[in-house]
Each structure stands twice: as structure tokens, then as C-alpha cells.
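Engineer: So the chains spell out like this:
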Amino acid sequence: MTEPEQAAPVRVGCVADLPPGSVRIVPVGRFGVAVYNVNGRFYALNNFCPHMGAELGRGPITGTTVAAEPYQRTYCRDGEIVRCPWHGWEFDIKTGETLAGRVRRVQTFRAWSEDGVVFVASRPNGRARIKDGT
Amino acid sequence: MNGDESVSAPRRLVIDAAVHPAFARPDGIREYMSSEWSTNLVLPAPWRFAYANPVGDFRPEFTPGEDWPGSDRDALRRHVLDDANVDLAVLSPLGRGFIPDPEFYAAVNTALNSWLAREWLDIDRRFLGSIRVNPQEPVAAVREIERWAGHRQMVQVVVPLQSHRPYGDRTFLPVWEAAATAGLPVAVHAEIAAGVDFWPTILGYPEQFIDYALMLSTSGVLHMASLISEGVFDRLPELVFVFGDGAFDIHLPFLWRMDKDYRPFKIELAWLQSTPSDYMNRHIRFLTHSRTEGPRDAGDLAEFIDIWGGERLLVFGSGYPHWDYADPGAAYATLPAVQRDAIMGGNAEQLFARRLPAGPADA
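Residue numbers (the numbering used here), protein chains in the order written: chain A, 1 to 134; chain B, 1001 to 1363.
It is worth saying that the hints were derived from the structure and are not from the lab. Using N, Cα and C, we set each Cβ at its ideal position, and we do this for glycine too. A few of these clues could be false.
For the chain A half of the interface with chain B, some residues (derived, Cβ under 10 Å), not all of them [claimed, not checked]: (1) 39; (2) 48; (3) 61; (4) 66; (5) 73; (6) 75; (7) 84; (8) 88; (9) 90; (10) 95; (11) 113; (12) 122; (13) 124; (14) 125.
Residues on chain B that point at chain A, a partial pick, calculated with CB under 8 Å [unchecked claim]: (15) 1063; (16) 1234; (17) 1235; (18) 1237; (19) 1267; (20) 1273; (21) 1308; (22) 1309; (23) 1312.
Computed list of chain A residues with no C-beta within reach of chain B, every gap over 12 Å [said to hold, decoys possible]: (24) 19; (25) 64; (26) 86.
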């Protein structure tokens, strides 16, 4: 079930208590980890915005806008994006990447359900890339 | 890197991208207008009534007699090209300000462009021209751009810096489309004539000329921001804007702010493919603003030009024959050769590449 180098998974709660579109912050690592249910699948992000350190898990779960050409704005990906509660940076819940310019990425953790219970890994997936400081 | 070793290398073109020729008498423009406009109707004067320049609008040595400065072709050619060792000069005569009747305004612009082609471009291939249009009236502006698009020496479209709305506004789009279709950059210059005045600054009416002159540059960066955020360059990926009137020295702090705000407010600008500063680097250039802006110390100036991107963004324009004329022999003389060559000609060469004669000008 777990890779050899991974520490023991942490129990998040019952699947029934984490319905699609919801988030739960669990005490993993220095800042906690925000575990999301996006359309029935579970994802987890470090509860620390790589911009200035806000609690990402307290940001609204939302979608984003795209445009094939100027002024043709379309709202999409509802439920797949978290906006930082401080400065509004958008992060893809599934990958931890910022949508604007991909300057930074938030750490992701593996999350899954098993027998009606949600688990999250206690160590992040690899290392978050930090390209520059803008 | 040492310039002494490259004696045999071909000399880089030197291009003066801001020269302002004029009619010998302001009424001379009537000869180029059809009778329904040239008879009876009163033209606005080609100078400002308010915010007069306390030291005069023109350099005295370029004002030899009764005629308007910049009107003597032989003198201009000598001053701007031969004596200054400049290869090519982009001529952009100023207009008559904003005229409320759009057809009258269009007739003035047509006359100005016809005069420029016949009296200047036709007599010397080293003169390059500007198509002056009024973007507030896109139909007439597009018509005028299309009229001159095939003229090999017309290298840019020129519009006033003053505007009712920022230039990213969708009402102007047909004008920029016509410029892009013709392969021409759009230059933005402050109009100094006495037509209907827009607010002279974004804050309204200052009391003195110094405030008036200073605040022109803020309009440039606000046009720049608007063009980027409204997606003009997403629609017209080849289009380049060139700002006169001193926006270079303040553009970078505006862009720092805009890049930063782009992240939280990206949902408003879903069409942008990258940060605003990426768009600026691809689509915006700045004329040198007559007097060299920046630190006075030579080392500091080179560093400032480096940080501010001047080697890519700055295009030399002397402003001849205006009071703040910059002598191309002396301008940026302390800069390293790479920076100076780019500013004095290389950047303009790229900007106007599609219209320039092949190969360097005759030595």
C-alpha cells in the first residue's frame, strides 16, 4: 500500500464527511495539509501558500476563466481551483501549480480513500519547484 | 567587445525616429485640401494656447527666419542628416490637434500625409514618413492607413498621445488592425495644436508648463497597460507601439505592479498568455525623450539602461527642431557601444525592417 520510503499515512476522516467540493485541513507537516475532494477523487496540498505563507486550505474552492480570444471569457474547471485567501493566486488542486505564469508550485501530497476512509500521505510528493521570487 | 578592433566592420545605421517638419506658413496646408474644406473654414492653430513653453517651442538655431522651424527642406536635411551623420530620418509632422468634426479632421490628416509624401519623401529616399490618423474616428483612420499602406517610405502610423479613452479600448481596434495589416508600427506622440483639448493630464489641469510636460509620460504608460490588458496584442501578434514623450523612464515600476497584480486578477484577463512584461518586451518600444533621462553619472546611466531594458526598448529620436532637441552625436555618448548602437539605430532598424531599403544606406 505504501512506498518503502513513505511514512505511515494519516487518517483524514470518513468519505461521507468529505463530499465533493469540500476540504479538510489535517495536522501533517509544519503547516498542515489541505485534503480536497474534487468530483470524487482526493487531492492534498500543503496548507502553505508559496507566495507569502497564507493557509491555502482556507481559500475558496472555485473555477477559473479562460478565453479563446479577448473578451470571450468562459468560466470553467469549477471545483478544481483553490484561490489563496490572501492575494488570490489560483492553484490547480490536482497539481499544485499556479495558473498565472507558473512561477511557483505548492507541495502536493498523495490522498486516497480505502474502505470508506480518506487517507493522506505524511510526506509530500517530490520537491516543489521554486523558479524565482516574483 | 572592444570597439577599436572592429574598424572594418560596417557602420551601424543611425536613425533619427522623431523629426518634425512643418509648413513654412501654417496656412500652407490649405493647398493640399479640397475646396470644401480649404475655403471659409477656420483651421485650429498649430500651437497650444494654454501651457505655453516658457523657453519657446523651438531651438533658435533651427529658426533662422520668418518661416516655421522645420519647414526648410535643405536646412532640415543638412541639420538632421548630413551634419549629424544620420542615415535615415523618420518624419512625423504634428497636426492641428483634435478637431470635433471628424470629416474635417480627416481632411487635415489627409492633407498632411499628402504634403509629407510629395514635398519630403519624394525628394529624398532617406526621409521616411508617418501616416497621421485620428483614432477617435476609426473609419476615416482605417481609410487613411489603407491609402498609404503601399507607399514604401511610410514606415509608421502616428496618433496623438491625448485620447478620450486608453488605446486598448475596443473602439480603436480597427485602426490598430489596419496598421498591423499594413505591417506598420503605431507611434504615439503628444499633439501640441490648439484643437479641442482633452484633459491635458490624467488629473485634469495643472497650472504650469512643467507639470503639463511631466505628466504626458504617465499617459504613455497608461496606454501601454490598456493595450496589454485589453488583449490588443493577443489579437494582433505582430503589432508594435512606440511611445514618445518620455514614458520609458517610468514604465518599469508600472510593469512591476502590473505583473504582480496579474496573478490575483488574472480571472479578469483570461486571454493573456503570459505576464504583462512579456507583452511589453514584444510589443512596446519607447522613443528617447530628447534629453537623456536617467542618472547623470555615466556608469549609473549604463546600469539604468541595462536594468530598464533600454538596449531592446529605446529608439533614438532627436525631436528636431523642438526646444528639447537631442544632438545624435552627443546623445548617450557615454554608453557602451552595444547599448548605444542599439538605441541609435539597431532598434529602429528592427522596428521599421519591413519598410527599410535592403542593406545599409549609401556611405
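Engineer: Does each hint fit the structure? Answer for all of them.
Structural biologist: So, going through the hints one by one against the coordinates:
Given hint, residue 39/A at the interface with chain B, is violated; its Cβ is 21 Å from that chain's nearest Cβ, farther than 10 Å. At about 17 Å, the closest approach between the beta carbon of residue 48/A and any beta carbon in chain B exceeds 10 Å, and the interface hint on this residue is violated. Checking residue 61/A against chain B by beta carbon gives a least distance of about 14 Å; that is not within 10 Å, so the hint is violated. Because the smallest distance between the Cβ of residue 66/A and any Cβ of chain B comes to about 5 Å, under 10 Å, the interface hint for this residue holds.
With 10 Å as the threshold, the beta carbon of residue 73/A comes within range of chain B, its nearest partner Cβ sitting at about 5 Å, so the hint holds. The interface hint given for residue 75/A is met, as the beta carbon of that residue sits about 9 Å from the closest beta carbon of chain B, less than 10 Å. Hint on residue 84/A holds. Least Cβ distance to chain B is approximately 8 Å, under the 10 Å limit. Interface restraint check: residue 88/A against chain B, minimum CB-CB distance 3 Å, threshold 10 Å, status holds.
Look at residue 90/A: its Cβ gets to within about 7 Å of chain B, closer than 10 Å, so that hint holds up. Violation of the interface hint for residue 95/A is found here, the shortest Cβ-Cβ separation to chain B being roughly 17 Å, above the 10 Å cut-off. The interface hint given for residue 113/A is broken, as the beta carbon of that residue sits about 31 Å from the closest beta carbon of chain B, more than 10 Å. Look at residue 122/A: its Cβ only gets to about 30 Å from chain B, farther than 10 Å, so that hint breaks.
The restraint placing residue 124/A at the interface with chain B is violated, with a minimum CB-CB distance near 23 Å, outside the 10 Å limit. With its C-beta approaching chain B no nearer than about 23 Å, residue 125/A sits outside the 10 Å limit, and its interface hint is violated. Interface restraint check for residue 1063/B: the shortest CB-CB distance to chain A comes to about 47 Å, outside 8 Å, so the restraint is violated. Checking residue 1234/B against chain A by beta carbon gives a least distance of about 6 Å; that is within 8 Å, so the hint holds.
Checking residue 1235/B against chain A: minimum C-beta separation of about 6 Å stays under 8 Å; hint holds. For residue 1237/B, the interface hint is violated, the least distance from its beta-carbon to any beta-carbon of chain A being 12 Å, above 8 Å. Residue-level restraint check for residue 1267/B holds (minimum Cβ-Cβ distance to chain A is 5 Å; threshold 8 Å). A cut of 8 Å between beta carbons decides the hint on residue 1273/B: the least distance to chain A is about 10 Å, and the hint is violated.
Look at residue 1308/B: its Cβ only gets to about 17 Å from chain A, farther than 8 Å, so that hint breaks. The beta carbon of residue 1309/B comes no nearer than 16 Å to any beta carbon in chain A, farther than 8 Å, and the hint placing it at the interface is violated. About 19 Å separates the beta-carbon of residue 1312/B from the nearest beta-carbon of chain A, more than 8 Å, and the hint is not met. No Cβ of chain B comes within 12 Å of the Cβ of residue 19/A; the nearest lies about 25 Å off, and the non-interface call holds.
Under the 12 Å C-beta cut-off, the non-interface status given to residue 64/A relative to chain B is violated; the minimum distance is some 6 Å. Non-interface status of residue 86/A relative to chain B is broken: a Cβ of that chain comes within 12 Å, the nearest being about 9 Å off.
Comparing the model with each earlier hint shows violations of hints 1, 2, 3, 10, 11, 12, 13, 14, 15, 18, 20, 21, 22, 23, 25, 26; every other hint is respected.
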